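Take the given structure of chain L and dock chain D to it, following the hints.
If you read the protein sequences in the order shown, they are chains L and D. With our numbering as the guide, the letters of the first sequence map in order to residues 194 to 353. With our numbering as the guide, the letters of the second sequence map in order to residues 26 to 416.
Misleading hints may appear alongside valid ones.
Taking lysine-lysine pairs in the BS3-like style, the calculated list, with each CA pair at most 25 Å apart, reads [to be verified]:
(1) Lys204(L) with Lys315(D)
(2) Lys241(L) with Lys399(D)
(3) Lys334(L) with Lys314(D)
Estimated spans, in silico, between C-beta atoms of each pair [unchecked claim]:
(4) Met340(L) with Thr86(D): 47 to 57 Å
(5) Arg107(D) with Ala211(L): 35 to 45 Å
(6) Thr86(D) with Asp222(L): 52 to 62 Å
(7) Arg107(D) with Phe328(L): 45 to 55 Å
Pulled from the structure, derived: some chain D residues nowhere near chain L, Cβ distances all over 10 Å [stated by the list, open to error]:
(8) Met26
(9) Ala159
(10) Lys190
(11) Ile313
(12) Arg323
(13) Glu360
(14) Lys410
(15) Glu411
Calculated from the structure, these hints are not laboratory results. Model, not experiment: these values are computed from the prediction. For each residue, glycine too, the CB sits at the ideal point set by N, CA and C.
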Amino acid sequence: MNRELLELLEKNARYTTADLATMLGISADEVRAEIAKMQKEGLIRGFKTIIDWERLDSAYVSALIELKITPLPDLGFEDAAKKIMQYDEVESVYLMSGSYDLTVIVKGKTFQEVAMFVGKVLAPMNGVISTSTHFVLRRYKEMDVIMCGEKGDDRGSFWL
Amino acid sequence: MDYSKKLNSKAAALKPSGIRKFFDISEQMDNVISLGVGEPDFQTPWHIRRAGIESLEGGKTRYTANRGMEPLRKEIVKYMKRRFNLTYDPNEVVVTVGGSEAIDLAVRALVEPGDEVLIPQPSFVCYEPIVTLAGGVPVTIELKSYNNFVLTPEQLESKITSKTKALVLPYPSNPTGGIMLRQDLEKIAPIIKKHDLMVISDEIYAELTFGEDRHVSIAEIPDMWERTVIVSGFSKTYSMTGWRLGYALAPEPIISLMTKIHQFAIMSAPTTSQYAAIDALKNGDNDIKKMRNEYNARRRLVVNGFNEIGLTCFEPLGAFYAFPSIKSTGLTSEEFCEKLLYSKKVAMVPGNAFGDSGEGFVRVSYCYSVEHLKEALRRTAEFVKELKDGE
Chain L
194 MNRELLELLE
204 KNARYTTADL
214 ATMLGISADE
224 VRAEIAKMQK
234 EGLIRGFKTI
244 IDWERLDSAY
254 VSALIELKIT
264 PLPDLGFEDA
274 AKKIMQYDEV
284 ESVYLMSGSY
294 DLTVIVKGKT
304 FQEVAMFVGK
314 VLAPMNGVIS
324 TSTHFVLRRY
334 KEMDVIMCGE
344 KGDDRGSFWL
Chain D
26 MDYSKKLNSK
36 AAALKPSGIR
46 KFFDISEQMD
56 NVISLGVGEP
66 DFQTPWHIRR
76 AGIESLEGGK
86 TRYTANRGME
96 PLRKEIVKYM
106 KRRFNLTYDP
116 NEVVVTVGGS
126 EAIDLAVRAL
136 VEPGDEVLIP
146 QPSFVCYEPI
156 VTLAGGVPVT
166 IELKSYNNFV
176 LTPEQLESKI
186 TSKTKALVLP
196 YPSNPTGGIM
206 LRQDLEKIAP
216 IIKKHDLMVI
226 SDEIYAELTF
236 GEDRHVSIAE
246 IPDMWERTVI
256 VSGFSKTYSM
266 TGWRLGYALA
276 PEPIISLMTK
286 IHQFAIMSAP
296 TTSQYAAIDA
306 LKNGDNDIKK
316 MRNEYNARRR
326 LVVNGFNEIG
336 LTCFEPLGAF
346 YAFPSIKSTG
356 LTSEEFCEKL
366 LYSKKVAMVP
376 GNAFGDSGEG
386 FVRVSYCYSV
396 EHLKEALRRT
406 AEFVKELKDG
416 E
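Just chain L, with the same shape it has in the complex (with noise of 0.2 Å):
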């Protein structure tokens, strides 16, 4: 496991192998070998795109949603949660502690079309208590990068 590496990588998926190799000192092969095993072994669980949506003129929205169920002998809520990311309109599932137990980012088209999934899907659950919809209006910041305002260097050109 290379710890150096997955920083890079966390940082941008997109640094060529060639570049990822000059920059931690070890060769090109060392870092596809170390990328390849680190998947197989399921410590890369993939590589995306971090996309405002916004910006282009598709509707995109996004809701958290807290649910509260109730655990099933031994399974708690494994079995729940494990339905639930199943569908394609489900981005996120994470088991909470305290006064909910899932949260579910959930995305769609437009409002109504979430409220529906919420409605017709996530609450008549077996085992789903209770369902609460909050949309998310602004995305300021996203998976470490900075989603609103211009990138800018106001350093001046040089500086002894």
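Then chain D, alone, in the frame of chain L:
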């Protein structure tokens, strides 16, 4: 009015900074990709900014003690012990407006008119003017690329006269990225002792070293503590350039005199910055590590990039600069930088801006994102290829 008769002739005679011209040109151009700055691109870590803000909210808006708040000096002492194995007392610390003020204070506290101060070059541009303004005589030592810009005992000894008072020791080095290892310091220490010299050790980049060993201060070498003024600060270590906060460490009589001068010129360093600095020292070790790792990745990318282009570059193990040689192009440092700026809109600093011995080199800062660095390397490669094809 004829101001030339009113202005101080010594100040007026100082050479202007060698990069003014390039700065002016690049200001006129769009889409310049600069590798020219000497300050970090990271923001000051949020918890440190927060500490500054909280001090303002708490109404901490007065002067502090002249030599700096006691809690801050105590934290500096702990930090120096923890990270560099150096032993100081809080009374052997003065908190200054950046490392630059600490250098100025050290020179003014030590140098009598006519005293010679040895300045290895290429190095930071402020040493010479500060010595001159203090009435001292700067004596430059030309460092050599084949020594990786390390100061050798022979070079040091050859410049010492009966008038030599002090040596400026600027490592890790801006602009070369060179460092001095413990064994390098052990070689020059006996000469410093033999000639009874003082040392002003500018260690502002001490946290940014990339070799196997951490930075070693000359004050840690036997018999050197008593004759060393360490200059350091928060700018490079914690990305706090704009906070203007540095410090000096030295035996008490020196610090007391430096504090006296500081008191008349400055009163006390900015209070908000001092509060932020306390937080930096207490909670910032992990930030240092994160930034250092990031610099290290960029460093490898840049050094490798220049070597591939054919602008050979020794491995810089400190600070955040590479210092590639451009001699193979047949151009002078200034010609190279000017042509590169005009034709490819890439800005670098000519090596001779840091002293005549920097001629034939350019300073490249890697305080930029990987994408930015790669684009600059791509354009520089194009430029060098076109130069060769044009021959």
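Claimed clearance of chain L by Arg323(D), with the beta carbon kept past 10 Å: The claim is violated: Arg323(D) sits with its nearest Cβ about 7 Å from chain L, within 10 Å.
Thr86(D) and Met340(L) - C-beta distance against the hinted 47 to 57 Å: For Met340(L) and Thr86(D) the Cβ distance comes to about 35 Å; the hint is violated.
Consistency of the no-contact label for Lys190(D), given chain L and a CB cut of 10 Å: holds (25 Å)
Cβ separation check - Ile313(D) to all of chain L, threshold 10 Å: holds (15 Å)
Status of the given 52 to 62 Å range, CB of Asp222(L) versus CB of Thr86(D): The hinted range 52 to 62 Å holds for Thr86(D) and Asp222(L), with Cβ atoms some 59 Å apart.
25 Å limit on alpha-carbon distance, applied to hinted pair Lys241(L) and Lys399(D): Judged against 25 Å, a Cα distance of about 22 Å means the pair holds.
Pairwise beta carbon distance, Arg107(D) to Ala211(L), judged against the given window 35 to 45 Å: holds (38 Å)
Check on Lys410(D) being off the interface with chain L, judged by Cβ distance over 10 Å: Since the minimum Cβ distance to chain L is about 19 Å, Lys410(D) lies beyond 10 Å and the statement holds.
Minimum Cβ distance from Glu360(D) to chain L greater than 10 Å, as the annotation requires: The assertion about Glu360(D) holds, with a minimum of 17 Å to chain L.
Consistency of the no-contact label for Met26(D), given chain L and a CB cut of 10 Å: Answer for Met26(D): holds, closest chain L Cβ roughly 32 Å.
Least C-beta distance between Ala159(D) and chain L, which was stated to exceed 10 Å: holds (20 Å)
Restraint check for Lys334(L) with Lys314(D), where alpha carbons must lie at most 25 Å apart: Since the Cα atoms of Lys334(L) and Lys314(D) sit roughly 24 Å apart, the hinted pair holds (cutoff 25 Å).
Hints 4, 12, counting from the list given before, are not met by this structure.
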